[in-house]
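Protein chains: 4
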Amino acid sequence: MAKDRLNFCVFGAGRIGKLHARNLAVHPRARVSYVVDPVARLASDLAREVGAATAPDAAAALADREINAVVIASSTNTHVDLIAASVRAGKAVLCEKPIDLDIRRVDRCLAELKKHRVPVAIGFNRRFDPTNRAIQAAIGRGEVGEVEQIVITSRDPAPPPLSYIKVSGGLFRDMMIHDFDLARWLLGAEPVEVVAKASCRVDPKIARAGDVDGAMVILKTRNSTLCHINNSRRATYGYDQRVEVFGSKGMVRSDNLRPTAILTSNERATDSRDVLLPFFVERYAQSYRHEIDDFIDAVLSRRKPSVGAEDGRRALLLADAALQSHRTGKTVTVRAG
Amino acid sequence: MAKDRLNFCVFGAGRIGKLHARNLAVHPRARVSYVVDPVARLASDLAREVGAATAPDAAAALADREINAVVIASSTNTHVDLIAASVRAGKAVLCEKPIDLDIRRVDRCLAELKKHRVPVAIGFNRRFDPTNRAIQAAIGRGEVGEVEQIVITSRDPAPPPLSYIKVSGGLFRDMMIHDFDLARWLLGAEPVEVVAKASCRVDPKIARAGDVDGAMVILKTRNSTLCHINNSRRATYGYDQRVEVFGSKGMVRSDNLRPTAILTSNERATDSRDVLLPFFVERYAQSYRHEIDDFIDAVLSRRKPSVGAEDGRRALLLADAALQSHRTGKTVTVRAG
Amino acid sequence: MAKDRLNFCVFGAGRIGKLHARNLAVHPRARVSYVVDPVARLASDLAREVGAATAPDAAAALADREINAVVIASSTNTHVDLIAASVRAGKAVLCEKPIDLDIRRVDRCLAELKKHRVPVAIGFNRRFDPTNRAIQAAIGRGEVGEVEQIVITSRDPAPPPLSYIKVSGGLFRDMMIHDFDLARWLLGAEPVEVVAKASCRVDPKIARAGDVDGAMVILKTRNSTLCHINNSRRATYGYDQRVEVFGSKGMVRSDNLRPTAILTSNERATDSRDVLLPFFVERYAQSYRHEIDDFIDAVLSRRKPSVGAEDGRRALLLADAALQSHRTGKTVTVRAG
Amino acid sequence: MAKDRLNFCVFGAGRIGKLHARNLAVHPRARVSYVVDPVARLASDLAREVGAATAPDAAAALADREINAVVIASSTNTHVDLIAASVRAGKAVLCEKPIDLDIRRVDRCLAELKKHRVPVAIGFNRRFDPTNRAIQAAIGRGEVGEVEQIVITSRDPAPPPLSYIKVSGGLFRDMMIHDFDLARWLLGAEPVEVVAKASCRVDPKIARAGDVDGAMVILKTRNSTLCHINNSRRATYGYDQRVEVFGSKGMVRSDNLRPTAILTSNERATDSRDVLLPFFVERYAQSYRHEIDDFIDAVLSRRKPSVGAEDGRRALLLADAALQSHRTGKTVTVRAG
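So the protein sequences, as listed, match chains A, B, C and D. The opening position of the first sequence corresponds to residue 1 in the working numbering, with each subsequent residue numbered one higher. The opening position of the second sequence corresponds to residue 1001 in the working numbering, with each subsequent residue numbered one higher. The opening position of the third sequence corresponds to residue 2001 in the working numbering, with each subsequent residue numbered one higher. The opening position of the fourth sequence corresponds to residue 3001 in the working numbering, with each subsequent residue numbered one higher.
The shape of chain A in the complex, shown without the other chains:
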């Protein structure tokens, strides 16, 4: 492996693939060597933009010994196979969440990973957001004392297309999975009980597709720290992303980010602020850069990635538990075993 620089193959040239490829292209310790996407035109456009080549398929790219690492940003159903192929080829992996929508496939994937000593990171970008990191650091410094309650608010600006909803695995596995990961990270402990309530109030087509578009969950850890998460697929005022951590010494929470810092006052209202950033691409732009940077740093310095495959599995376990609680009305006990 090159001592100071990684050659990447990027799988997937859609929205997230582009985002990662562009961040890699300006990273001083990375280079995009290949872009692979079943839609040839998408692959070649992105490859040209970032100074990379295209490869006809994953196997061809992974066969190139110059490649050190891959970013998997292709559709969810391809993740497990690409992870497996990549680690077998000895390439470090940064895979977008989720690993898979089926916990059994995830378990098999993790079993396979154990046979290889290749770094695998899962793209839970929120852990790399400067505001979330500041909250986590404040907890670490003891500023809130013992963490007793967490409240996570996460609302998308508008629902995705129905075609996406149908293959998404549902709100808990597709959307709230980010909040489950964030909760685990901030709790510093595993939730062992999950209750969930969900609704479909935004668009009845979502219900007909078998999904929900709003939900509230409570998690409880073994030492009785409580965590509430709420999600909605629609917020007219923008992408609403807030975290509140409450403890024995105080509270640390986050406000949303906005495009500018202006405050408007007139005869109807005062100090009105901008609508929020539109969606995750804008809100977590810095996070994606830090995530890539952290991954590159981990691989080059031979340390474990900050967010690993087991984190991906645990978040999915919580999503599955929430879905089950929503359906049964009962507390679901989570055993990570």
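Hints were generated in silico from the structure; no laboratory data involved. Where a beta carbon is used, it is the ideal one built from N, C-alpha and C, also for glycine. Careful: at least some of the hints might be erroneous.
[What the hints assert, rightly or not] Just a sample of chain C residues kept apart from chain B, beta carbon distances all over 10 Å, derived: (1) A2040; (2) D2064; (3) E2066; (4) D2102; (5) R2105; (6) D2107; (7) G2140; (8) P2159; (9) G2188; (10) D2203; (11) P2204; (12) Y2288; (13) H2290; (14) D2297; (15) S2301; (16) V2334.
[As the list claims (entries may be wrong)] For lysine-lysine, the following PhoX-like pairs were computed, each having C-alpha atoms within a straight-line distance of at most 25 Å: (17) D:K3330 <-> C:K2330; (18) B:K1205 <-> A:K249; (19) B:K1330 <-> A:K330.
Put chains B, C and D on the given structure of chain A with help from the hints.
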């Protein structure tokens, strides 16, 4: 009844009794005629302060035909009997929450009330807070569209004495009952499902007394509006009282109130604000005045009180449901019938 | 003098007179004995409301030996004579600002006051506002270090009637005089240089009446602390009252107060807040109560009033200097004499 | 000229030169061809980083016909000569503020520029800040109505080295010049009157070097719009950059930017926020990118640069007027003629 002024008897000369008596004493359409408290000294001190007489017991005061109305601010276990005696004597009643800790006694009380055509109001003061009223008015004007999610945060500055905890009925019936009432009022619909998780992290003595000191609840209405409530018996930064109402057109929420509007910046932090108001006496000072004013107005104008005995009963039903859910881990279905 | 209670005569039954009389009426250590106003109906209405008598004129009221103190809230041109008559009659005086619009008459008044040992307070209510007091206390505790710059923003919601403008003494003496007093108090030092720029942008009739409706001023103390004040006679978003104190260790500033603490978010804006409180009666309601309380306390405990006649004179000197600077374009040096 | 891409020479490899060179290096329509700096090592390090060559001096670089544009980020005393040489060589110019500290040299420079039809832009970066642009856009849409008052707060975190102070031209020409430009831009009209007061409270060595470290200014336009600017060389809480525009219909103002959006509450304070961004490199990072982008766009689309040499001259005129007012105590009338 005097056309333009009510003569009151105040039962209970403790913290809340004093608060009500003082508000009545400066109200242009009220007069405190009697203060009754088993502790004679408390009664006579307060009576002197507000220009009232004392009466040896409730019966004596209620026998006075000049009395039009009573405020019941005595200990919870006396509420049901005092309500019954007062309505039988034809006195309008403003009773502090809760009516009783036992839903069967509450049901019997309400059955008794039906026999009389006397106004009975329950002191859920938060409905009279200007900030909460502004939120409710915004909902009423359609500013949030269809209400889809509500988040209520309610944290006391410090736990009450253990002696109080033991007779309080527990966190759900004593503390969260305010939030259940607020939730019902803002939801504009009855919650039909309740799940609750609770913890004892503040003081293990509270657990030994059979109670909890932190809790999270989710309520769900028939049309799938979701409401989260969180409570803690301790917040180092003051009495934390926030409400968030989220809907199809936007969100209305409330910030906490503070003693002053100063913002401090130095080399460690910027725009630091005052710690919150200490507790409910300060935070809801205006609410108590508006509550009394609304009650007097209701009685004098012969309209129904804004918050009635059935509201007291419904809030208790939700508290009981939450307690049961906390114990069983299951969703509890609430049937008001 | 009664040891524990003052009997007041209130001169003036207009907006401010009413405000003071009502605060006195509910004060435990005060009683309104007389209300005097040339408009008999105003006097008798207010007198009835606060349980006082009327007197045909000032002399009659001042002749009553039971009277201990007066509040002068009559028109500005009567202040000097009423102060003089009151102190000669041995009554403690709380006089609304300004003492007079003519510095020579103010000087003669102060010379007269020196002959008597009677407490005289001037009603600069902003010094009694809890937020301003918190700022001043923070300065006192050294939280901003050495005060280097102060910025005072003070904007009325709408201009007063032209008839008032014509007798007001002009914006500097009528409106900014409050800010000059506030500046002196927070600076803890006398401004020695004044520059001013003014404009008439709100209503050209104000210019035709010889006045301005907007102004900006810079004050400089001997040790080079700088203070900026801006005024406008119109702010569509309410009564805008902000203070910022900047120093070697940091900054303390104040936000405006609002009727409620709600925050509204929709597709056009986020966290929009209420328009500001309408005007000084609402914004400084607490200040007026604290001012009266401080005056009563000073008189009863035989200490000097917190804001004295010399403070009234100094603020007028600054207003005169600002007016002169506005007219000449030059720095005006203030010598207190 | 290349149709879609500019080849740049960057003069100056110090802090600002680096910043511009790095922004150019990742700009899709720019390329850094040369870096020129008298300190050879600085030039070669930066050149290597951005993929450029070095040139022995300006003349050598300007002789290269492939070069289309220059960025002048060298020391102030070199600006006029480099601008002249560049325009004579037909290269578009983006020159850091100020053009020069001497208005006569600036006038001669502008006279020279008139002979050439080459775009010259001056680097007043604040006009390209998204928050400032939003304020200006709100004014343009009429949201504040007629602009009546502007308040600009601009405080550096800490004074520059004395060696810099000595050659800086003083606070008005070095620091407040940014605010003068911002004021002209937001006022949409030329200030015709200037008064200034200044102080030296931060460090007496600054006074001994003939400069001041704090100042307050009032500008007045022909139609009596007033603008206040305050500056300090030290703010313990970070780089304080706020703008407030007040008019007949309302107010638009800006809050500061911070590294994260966290809010901390504990027993001492609530909702404390991060200290501000450290200094201009961080605060105006986006502005510098937009500035470069706007310059490139102007040159390639053959439109006038958004901020031209005459803007540089006008800001300096205001700085000179403020300095003169500070020294004389009088209003200084500015005639641009």
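Hint check results:
C:A2040, annotated as away from the interface, keeps every beta carbon of chain B farther than 10 Å; the closest lies near 24 Å. Separation of C:D2064 from chain B is adequate, the least Cβ-Cβ distance of about 26 Å exceeding the 10 Å criterion. Consistency note on C:E2066: stated as away from chain B, and its beta-carbon is indeed over 10 Å from all of that chain's, at 23 Å minimum. The Cβ of C:D2102 lies farther than 10 Å from every Cβ of chain B, with a closest approach of about 36 Å, so its non-interface assignment holds.
Residue placement check: C:R2105 keeps its beta carbon more than 10 Å from all beta carbons of chain B (closest about 37 Å). Annotated as non-interface, C:D2107 keeps its C-beta farther than 10 Å from every C-beta of chain B; the closest such distance is 37 Å. With a least CB separation of 13 Å from chain B, C:G2140 remains clear of the 10 Å interface cut-off, as annotated. No beta-carbon of chain B comes within 10 Å of the beta-carbon of C:P2159; the shortest separation is about 26 Å.
With a cut of 10 Å on Cβ distances, C:G2188 stays outside the contact zone with chain B, its closest approach being about 18 Å. A cut-off of 10 Å between C-beta atoms confirms that C:D2203 is not in contact with chain B; the least separation is 30 Å. Every CB of chain B lies more than 10 Å from the CB of C:P2204, the least distance being 35 Å, so the non-interface label holds. Its beta-carbon lying about 16 Å from the closest one in chain B, C:Y2288 satisfies the requirement of being farther than 10 Å from that chain.
Once the 10 Å rule is applied to beta carbons, C:H2290 is consistent with being away from chain B; the minimum gap is 13 Å. The claim that C:D2297 is not at the interface with chain B holds, since no C-beta of that chain comes within 10 Å of its own (minimum 20 Å). With 10 Å as the threshold on Cβ separation, the claim that C:S2301 sits away from chain B holds: the shortest Cβ distance comes to roughly 23 Å. Non-interface call for C:V2334 relative to chain B: holds, since the shortest CB-CB distance, roughly 29 Å, exceeds 10 Å.
Taking the CA atoms of D:K3330 and C:K2330, the gap is near 4 Å; set against the 25 Å cutoff, the hint holds. Restraint check for B:K1205 and A:K249: satisfied, since their Cα atoms lie roughly 19 Å apart, inside the 25 Å limit. Note on B:K1330 and A:K330: the hinted pairing holds, with a Cα-Cα distance of about 4 Å set against a maximum of 25 Å.
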